[in-house]
Amino acid sequence: MLPWDKVHGAMTHFPIALLLFSTACDFGSVMFKKLPLARELRSASLYALAIAALASLGAVISGIALSKGDMWGRGDFGWHHRFVWPAFGLLVALAVWRLVVREAMSRFGLCLYLCLMLLASGLIAAAGYFGGELLLSGGGVP
Amino acid sequence: MTPLEIRAAIAAVITSAVILVATFSAGEIYRKHYATQTQPGTKPLAPEDLGVKGRSYFLQSCAHCHGRDADGGEDAPSLLKLQISGTHMALVIQSGIKGEMPSFAKKYNEQDVAAIVAYLQTLH
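Protein chains in written order, with the numbering used here: chain C, 1 to 142; chain G, 1001 to 1124.
Don't read these hints as lab results, they were simulated from the structure.
Please note that the accuracy of each hint is not assured.
Unchecked claim - DSS-like mimics (lysine-lysine), calculated; alpha carbons at most 25 Å apart, straight line: (1) G:Lys1053 - G:Lys1081; (2) G:Lys1032 - C:Lys68; (3) C:Lys68 - G:Lys1053; (4) C:Lys6 - G:Lys1106; (5) G:Lys1098 - C:Lys6; (6) G:Lys1081 - G:Lys1098.
Given the structure is predicted, the values throughout are model-derived calculations rather than measurements.
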């Protein structure tokens, strides 16, 4: 039997860090769009997002094993899940969209993509926050 | 949006929906499987018997911090009217709380933890 609490704790950091890094690279590439660096930032953000989506599968599988299949729950546990599921769905969708479109983004497509990346980053950060609360404070035990 | 972006968006939504449905289905299957695994034998204990067993474990391992009536002690909070799920209670009992409460995973197996959770749920 694997120590799922430790596996989940280790796995979750990859999608969180990579998604935030990818979002930062995307915004960096827009800010420095006239510099050669912009192309490299877009590349970095694409690969970081793809790896984040793959890593999120591991984080979700270990989380399900840890919670014994309880997909919602109450208290901090419930809040963790309320943020995790939209973040997971959005992360996968953004990764698929980005991998298909690559550099062929219209102005409107780029704006929408950046807004959704910000939303996904917020959701995953909130999910991580409540996950941390579960670990450090006993997850809402009064 | 360009036609490529629209096609990509459709693919993205479908992929995401399929993965979410598969995840929730797998979770549900695992939850049911776990429920049957933790109730081996022909006849599971009645909830009241489970609660009695859980209270004896509680008095043995939890009462010295949380109080005999689970209403809290000097160093540990009251466990009356907990607003968390049974699965979450089990997780806390098994994993402990860093720097505050030890893990009981080695002392109690999953059935014992289920009995403690059943007892705590009677305190609502």
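Outcome of the hint check:
1. G:Lys1053 - G:Lys1081: Roughly 20 Å between the alpha carbons, so the hint for Lys1053 of chain G and Lys1081 of chain G holds.
2. G:Lys1032 - C:Lys68: 9 Å, holds
3. C:Lys68 - G:Lys1053: 22 Å, holds
4. C:Lys6 - G:Lys1106: 16 Å, holds
5. G:Lys1098 - C:Lys6: Measuring from Cα to Cα gives roughly 13 Å; hence the hint holds.
6. G:Lys1081 - G:Lys1098: 23 Å, holds
Every hint from the earlier list agrees with this structure, and none is contradicted.
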